[in-house]
Amino acid sequence: MTTPPPVPLTDRRPRKGRSLGARLWRNPMARIGMIISAVVVLAAIFGPLLAAYDPVAIKLADRFQGPSRIHLMGADHLGRDIFTRVLYGARISLQVGIVSVALGTLIGLILGALAGYVGGRADTVIMAVMDAIYAFPAILLALVLVAVFKPGLATVMTAIAIVRIPIFARTVRASVLAEREKEYVAASRSVGQREVLLLAKHILPNIMAPLIVVTTTYFATAIVVEASLSFLGLGVPPPAASWGTMLNDGRKFMESAPHTVIFPGIAISLTVLGFNLLGDGLRDVLDPRLKNLL
Amino acid sequence: MDTMTWEPSQVLAYLIRRSLTLLPIMLLMSIIVFALIRMVPGDPIDVMYGSEGMDQIRREALTQELGLDQPIFIQYGRWLWRAVRGDLGNSYRAGMPVLRLIGQRLPATLLLSFAALFLSLLIALPLGLLAAVKRNSGADIGAMIFAILGISMPNFWSGILFVLVFAVWLGWLPSIGYVSPFQDFFKSLRHLILPAITLGWSLAGTTTRLARSSLLEELGKDYVRTARGKGLRERTVLLTHALRNALIPTVTMIGLQLGFLLGGTVVVETVFAWPGVGLLVVDSIFARDYPVVQGVVLVIAVLVVAINLLVDVIYTVLDPRIRLG
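Protein chains in written order, with my numbering: chain Z, 1 to 294; chain W, 295 to 619.
For reference, chain W alone in the conformation it holds in the complex:
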């Protein structure tokens, strides 16, 4: 297949085309989110407004306003129309619009997720490379033990262990809490390290294994033998030929893992009292603040789909073997 570069307009057209194919999935996802909260036992007004004891007139007014006297598909349509315009209802615990509440909490979650992703790559790529090059050596076995432990240790357990060792016993780092990087950068960094390592380790485990197996696969191919045969230095063969190709499946998988990462924040934020959307959803579940639960699930799901779409587009544009179909 011939190689070519893409005009920005082509990329945009592809992006729009791909987004349109995602529309039915997004619609189905919104139905799931809408249905989930409707399945909560009790009067929807009580569920959405925490309004036990509300007077009858106000209750009837709300019923009409929300269209609760209408057929369920009309209720869904109204809800979706409001959601599309950014109206996800109000948190009756915080007394503010859900979207604004999520907006306040999202930066902390994104900071944690990207720090975890960065750390995992920083560790996993060199480790995977080392393991593949020194196959069956002590380094390889060590890397694989690191990887399988990362995959097998649940986040909340490794988090607790890190707190126990680095905060309680050694006293090197704070055990819980969050400081905004704009407020005090170094203090923020100290608070970020343990949660980011906790979240990043499991991702690093998967990535190390994938980087190793992809590189081993590439090293066994003919073009690597040709490169070696024409006298290229091993370093060049490895870094400029094999590694580049091995990175394609690895990077794709990392993109797909971002959803897992956002899900993982629910647990890690709870362990470290990290005030992101993960902790928000857990707190809201206990407070039965369902508009917030619904809003967070919807926002995270849309975020995951958007990130996957972005990864897919970047991957397609970067890999010259793939045509923008």
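So that you can see chain Z by itself, here it is in the shape it has in the complex:
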């Protein structure tokens, strides 16, 4: 399988004297990314306080109402307030992003570190399995995983995590391989430091930079995959207000009620844009050499 060679990238921690946040803020695109991401996070946290309606309450009298002062983004085919559902949708998207990326990172970290540090047969077997998973188009594999197991939020998050494990494992392995040859590792080993402790205490903190960049970039991808699965009717089951489900519902009526697709679509695109810009900014600050690979 030919995949882009992961570049071992270490020692790219920010210079001292200026915080990561401040350095990101100086980059105009990253600044936009930070602002959008912050708005989405705030919407997810404070959504229930801002929303005037119940996201799943059906009110047929309000069906397809256009945007107005009563319904800021209009109402859908069941008379549900779209603004409320967009706010609640941010919760689902972020939840999926956080859990699936955390799960994928954790497993990828363990497998990648094991492969890179132990080497030999373990490395060959782990990376062959990673290559095999990576060969499947992510959306297709996630789709089949969700279809095979019980549909629901937990399955969606697990499926997205699984299809992303190879990328995290590769990044960690490449970095561990580069790091383990360094003098400080040999020095620690010579004073009798145990291997596991060496890995946890010294090597892992040094490979955090590439890992942070990869996790931010794939956070946005995780949100897109969840929305795609829900759009196909195989993601978060209704009546939950997933943006993908809202678009799937709305597209049947888009000729007469285009607002039912426009607002959820803008919400997904802006969120993904925000995290993509933030990921690009982090990459430029932490790890410029990843530029051509992500």
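Be aware that one or more of the hints could be misleading.
Straight-line alpha carbon distances no greater than 35 Å define the calculated DSBU-like cross-link-like pairs of lysine-lysine that follow [claimed, not checked]:
#1 Lys252(Z) with Lys59(Z)
#2 Lys201(Z) with Lys182(Z)
#3 Lys182(Z) with Lys515(W)
#4 Lys524(W) with Lys428(W)
#5 Lys59(Z) with Lys150(Z)
#6 Lys252(Z) with Lys481(W)
Since the hints were made in silico from the structure, they are not lab data. In this text the structure is predicted, and so the values were computed from the model without any measurement.
Chain Z is fixed; fit chain W onto it per the hints.
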């Protein structure tokens, strides 16, 4: 490293050698596909044949025929042997062999994928070139906004938006459906435009950014300064020197994106009711027609590996700096 050209026999030997290294990966992939469907809850015969209510004698005969009473690795071996010979089972919804069903649907998917790839290159390469040459200008910013929007807008959303604007509001193009180019070429083209743009835009986004950054990197190198220093026209420096080298990483990445493109067809075909394998797999999931799901996943995965191998070989043969190791 010395430059040389390759004899066809050398290329073939390299191709075979590379294919052999891929064998373990392909085997692992087949295990994943086999295991996936085996994880579906319920009796495998019901899962594979949709046979609830089948009489006991027929059920036992099938159990023996499929080797379901055998250990799991023997079952896998039999399944793999049948798959290698092109027997992917039968679709109980369409009542025909899965491979024939996939064969009927694959041309539409390939047409869409290659049209999307073609469109994305048509847009991305000149745009990346313009952005790099006019760095930090309005054109550069515009190109980067185009690229980041393409990357950030999910396919199904941009697809819906295109349908809304170009089919529903302006009425210029059909909103859904497929016409074979052999049946009516121009009608086929009209149906192809929106899905191909939808699928191609995200790819164009990645390619524009990569073309720009690769070209900027090349323009900063010594050989470009030398070329300029000896009085070559800027146009020559750009097109015959820098661009050629900048294209190498770009083309490689495009090859690697083909898997992404085939995955993207699942969503885009659903939006546009495009009768390819992407729509087939989604429909089959809802109909619980698991032999088809299994077959499509296997065929697409093999296709992705084969395309990547091909890109790798072409790239190796074209780039004289790389030896056929």
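Holds or violated: Lys252(Z) with Lys481(W), Cα cutoff 35 Å?
24 Å, holds
Mind checking the alpha carbons of Lys524(W) and Lys428(W) for me, to see if they're no more than 35 Å apart?
Distance ~23 Å between Lys524(W) and Lys428(W) Cα, so the pair holds.
Is Lys59(Z) within 35 Å of Lys150(Z), Cα to Cα?
Holds, at roughly 30 Å.
Holds or violated: Lys182(Z) with Lys515(W), Cα cutoff 35 Å?
Since the Cα atoms of Lys182(Z) and Lys515(W) sit roughly 30 Å apart, the hinted pair holds (cutoff 35 Å).
Below or equal to 35 Å on CA atoms is what counts here, so check Lys252(Z) against Lys59(Z).
19 Å, holds
Mind checking the alpha carbons of Lys201(Z) and Lys182(Z) for me, to see if they're no more than 35 Å apart?
It holds: about 15 Å lies between the C-alpha atoms, which stays within 35 Å.
Every hint from the earlier list agrees with this structure, and none is contradicted.
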